[in-house]
Each structure stands twice: as structure tokens, then as C-alpha cells.
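Fit chain B to the known structure of chain A by using the hints.
One-letter residues, chain by chain:
Protein chains: 2
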Amino acid sequence: MKVLVHIDEAEQWRDALAERLPEAEVITSAAPPEQRRQADYLAVWKPPEALLREPGALKGIVNLGAGVDALLNNPGLPEGVPIVKLRDAGMGELIGDYVRYGLLHFQRDFDRYRRQQHAGEWREHAVMDKADWPVGVLGLGAIGAKVAAMVADDGFPVHGWSRTPKALDGITCHHGDDGLEALLGRISTLVLLLPDTPATRHLIDARALSLLPEGASLINPGRGTLIDEAALLAALGPVDDAGSVGRLRGALLDAFPREPLPEASPLWRHPRVWITPHMAGPTPLGAALDQVAEALRAFEAGEVQDTVDPNAGY
Amino acid sequence: MKVLVHIDEAEQWRDALAERLPEAEVITSAAPPEQRRQADYLAVWKPPEALLREPGALKGIVNLGAGVDALLNNPGLPEGVPIVKLRDAGMGELIGDYVRYGLLHFQRDFDRYRRQQHAGEWREHAVMDKADWPVGVLGLGAIGAKVAAMVADDGFPVHGWSRTPKALDGITCHHGDDGLEALLGRISTLVLLLPDTPATRHLIDARALSLLPEGASLINPGRGTLIDEAALLAALGPVDDAGSVGRLRGALLDAFPREPLPEASPLWRHPRVWITPHMAGPTPLGAALDQVAEALRAFEAGEVQDTVDPNAGY
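So the protein sequences, as listed, match chains A and B.
Take any residue in the first sequence, count from 1 to its spot, add 401: that is its number in my numbering.
Take any residue in the second sequence, count from 1 to its spot, add 401: that is its number in my numbering.
Bound-form chain A, shown alone (with noise of 0.2 Å):
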């Protein structure tokens, strides 16, 4: 078989491939357009749409990543083309030390004091304890559910949210638009890892912001379109660092709609937002190569499972 990489560092990636498939022969979207055109599968992240148009017989595109928005909204994708998507691999558990280090930030207060120490203030907050403050986590596909359960292991309530009914043990879970708006309702934190689909973009807006408790707050290492950034701005209220709020008290961000984040965005000065450059969820390497070499095997014996549902958009 001849597999196409495309990706940042593509080389790093065709080496290690080419190790772990020694059956293969790898080349990355680098090589001359004749061997590019022969290739029998992608393996790809964000491919040009003509790199897509390229190749005459496609078997399969594995997406070397765990969201597939970029690849679905291609023009340039072949139809009926399976698609396999990387699982959690090792991004779980990165997304979760994201998660874990902003719910910190604003349980034990690590926000007021950065802003404390800026005014010289030495002043102690109570601590809230962390039974007391619920988390929830909207979306609990493999990344959703792995934080979730991190969150939980450590102490926090945590309300689970997804489209169609799930059970997480030492989780709550809720559904559906009447379970979105109970949840919403009872957390003192919203983190969102959410996939982006129509259904899911601008989940988050002035509407559902409204439904948190006064001094929530937001963390999203999940999908930039997710969140609606006026609403979430007026949400914030006015950028000053005296400490005077909005309802919601600050947001960690590592996703945006576009990236990098216009240099004009509000959000890169307002004092609490928290803004990280899409680092939370890296594929680890190894794990992730792992799972390529598995789903090609997989595509040629013909036993592929579980591939992308373009209509549903995960």
C-alpha cells in the first residue's frame, strides 16, 4: 500500500510509519505530484483542498487527529471515501491537565491573586471547598469522558452533557436541551469539549450564559466556534482589573474560531481571559502512530470500524 502523510513535520511522521509498516511505502505530500496522485491512503491533518483532489483511487483517510471539522468542511474531500479518525491517545489525559490547571486557577483563586499581586494586594480568600464546586463537561465522547473522569477521581461533582443519553459511573449525566439548561444552571465551572458541528456552533451564547451561576467560569480547550465571542465578552463585563465582574467571572481559552487569534481580538487584553494557543490537546506521537499503522491494516484486511459519520459531523 502507499501511504500519503500531510501534516506538520510530515517527515518525523513518515519515518516512524515506515517502521511500523514496513509493508508500506510512505511518502509525504512533499514527493513529486506522480507518486502523490498513486497514493492509496491519506493520513492527514488539515490537507489543501487539491492534495485531496489529487489521488485517483482512494481506499481511506485516516485524520490524524480526534476532530474532524477541518476535514469535513473540505471541498476538496472525496465522497464515500471511509474516514478514521485518531481516538484518545494520551490527549485525554492532556486535555485533562488543561482542565485540571484552570479549574485550580479559579477554585483556589489563583486569578485574584495574579491580579492581587499586581496591585501589591495581600489579601486571603476562603477556600470553597472542591465538593462544592460542580463542574460540567459538555461533550463525553472518548476525550469528554476521560476528563470528566479525571475531574470526578479528583474531587469535584461533575454533570455530564451529551445529545443522546449516556451513564458514566461517578458522573451525572445529562441530555438534550432541557438537560443542557439544568446543568447549566447548577456549575460554578463549564468546560466544553464539544465537537463542532452545526449543532454545536455557538452553543454557548448570551442565552446560555445567562443560565450560569453569577462568578462561573468557562474553560474551552474544545472547538473555537462553540462558544458565541460577543456574548461571551459582554458575559465577562467591562475590561478593567479592578476585580469589578460580569456574571462570569473569567475564561482559560485554547481554541477560537480563527487562529491564530486576530491580532485585534478584545479578548487577547481583557485581564481575565486566559488565552493559550490551542497547546491543550497535542497528539503524542507515539501513541498516535500507533493508531495509524492499526487503522491501515485495518482498511486493507477490510475490518475498518467505527469511521467518520460526515452527516453527524464526528
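No more than 16 Å apart at the CA atoms, straight line, and that leaves these computed lysine to aspartate or glutamate pairs for EDC-like:
hint, chain 1, residue 1, chain 2, residue 2
1, A, Lys403, A, Asp441
2, B, Lys403, B, Glu701
3, A, Lys547, B, Asp555
4, A, Lys447, A, Asp470
5, B, Lys547, A, Asp555
6, A, Lys403, A, Glu701
FYI, nobody ran anything at the bench for these hints, they're computed from the structure.
Please read all numbers here as calculations on a predicted model, not as lab measurements.
Leaving out everything else, chain B in the frame of chain A:
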């Protein structure tokens, strides 16, 4: 028995203690002097010198925290009166969460991303695996051991250090002067959980800091006197926000030799120093009260154990 309580919000402690010990008469230091003089027991946190001298016949003192240095250094402390201190009472977990936050702060580059945000810079750093981020914990008492276990559970390799040899599951234990040198040379983040004693004062001096690998970080939820502040500032390098650094990448500090930290301290304004106002390990009231009641009953029954050794300092 007559118990005198001295601590912030003493009325709350008095009422809750009276409930647990119906056989006792519980007063606060706001009671009239003639009542204070008749106290059999003191349950105190950082009492004034005069208060310690008042009672005619003290049978015991309960220190309302894990650190006894302030009490032992008080010139009013009567000789020969047995002292019991609070053990880790949920405090270990609170301090563990503080340390977790600090570890993720450095390991996941949140310190860098916060500086980048101020500069409007979108740039991702490669994640160093937790397995490649060894953590040193100095002090393996009840709290140090608990914190070391939490950090190890989270996936960091942990090196612990104590004056005398100890063995703890899942922790590489070192002891003595040689052990300290060996530990300092191999860790990415140093966590200080030692008591304040003559032997630990300025343990972290210029020489100790020079043994740390380039780019190491420091978390001090312990005692302020453990660190030579001038040496710390020298190791951090110049006060600029551009990311040019000395040997030490950054420090998260909760304890200082003088508290509140004096306004003039350069630590307030160093961009790679994060200051919190001694909030890492507040004693959760309920658990602490149970221990106080237990200690007072043990005193009365002549069965008190684990009293403080004033010569050792803990």
C-alpha cells in the same frame, strides 16, 4: 476542663469546640482576665506573648496548625507544658492541589503563555511529558508525604528528601546532605515542605540553587525562612518580561519570612514570581476541631502522644 481558644474568628471555633466537648468550658481570649488565668488548656494559633504567660497551671497546649515555629519562638511559652500540633487535616490535599497547580503552571508552559498573551504572541511550545519532569519534594512529614504521593499519582517521577532515611511507596527517597545534592541536580521543579528549624533556615541558598538544572522552577507552600531571598532573586535573573531568564525559570511562593510580604520587596514586581498570600494550606475547620477535641480528651486521660519536641523544632 477549661479551654482558652485564640485564633482568628475564635468565636466560631469556641462554639464548634463546645459542641464536640460538652464536658469542657470553652472561652476565647476576649474573655475577662480572671477567666483566662484559670485555663487548663490553650488551643491557639500564634498567641500574643502575654496570653501565654497568664494561666496559672497549664496542662497542655494545642497548636491550631501544623507549623509550630511561631509558638516555639514565642518568649512567653511556659517551659515543660506538653504541646500537641494539628496533623494534616485535609491540609495535605489542599497543599497538594496548590503544588499540582504550580507543576502544571511550569510543565505546561502557562507561565510563558501568560507572558505571550501580554505581548499578543501566539506561539505553541512542545509539551514535555510528565514522565520526563522529575519533581523534588523536600520534607516528608505528614504533609510532604501526602503531597509527594499526589504528585506521583499524577504521573510525575518524584524524588523526596528528609533529614533521616525514609521509605515511601512510589517515591525515590533521599536523605542527608549528600542526598540533597543528588536530588537538586536531577529535578525540574523543587517543592519545599520543610518545617522552619535552625537546620532548615536558608537551606535554599545560592549554592543549593546553583545545583538545580538550568530552567528549573520552585514552589514554596512551606515556610518563608527556607529560602535566601537575595540568592533567589539572583538565580531568577533580571526583572524583565521578555523571557530572558537566569538559572531559575520561575517561582510560585506562598510563604515569606515577613508576612504580609513587605511592599518594598522586589518579589512583588518580578514577572516570573507568582505570589500568593499564605493560602496553600488553610486548616479545614471541621477536621481540625475533631483533632483538637481528641487531643484535649487525651490530655485529660493522660494518654497524649506525639507531643512536639521543642529542641527538634517540630
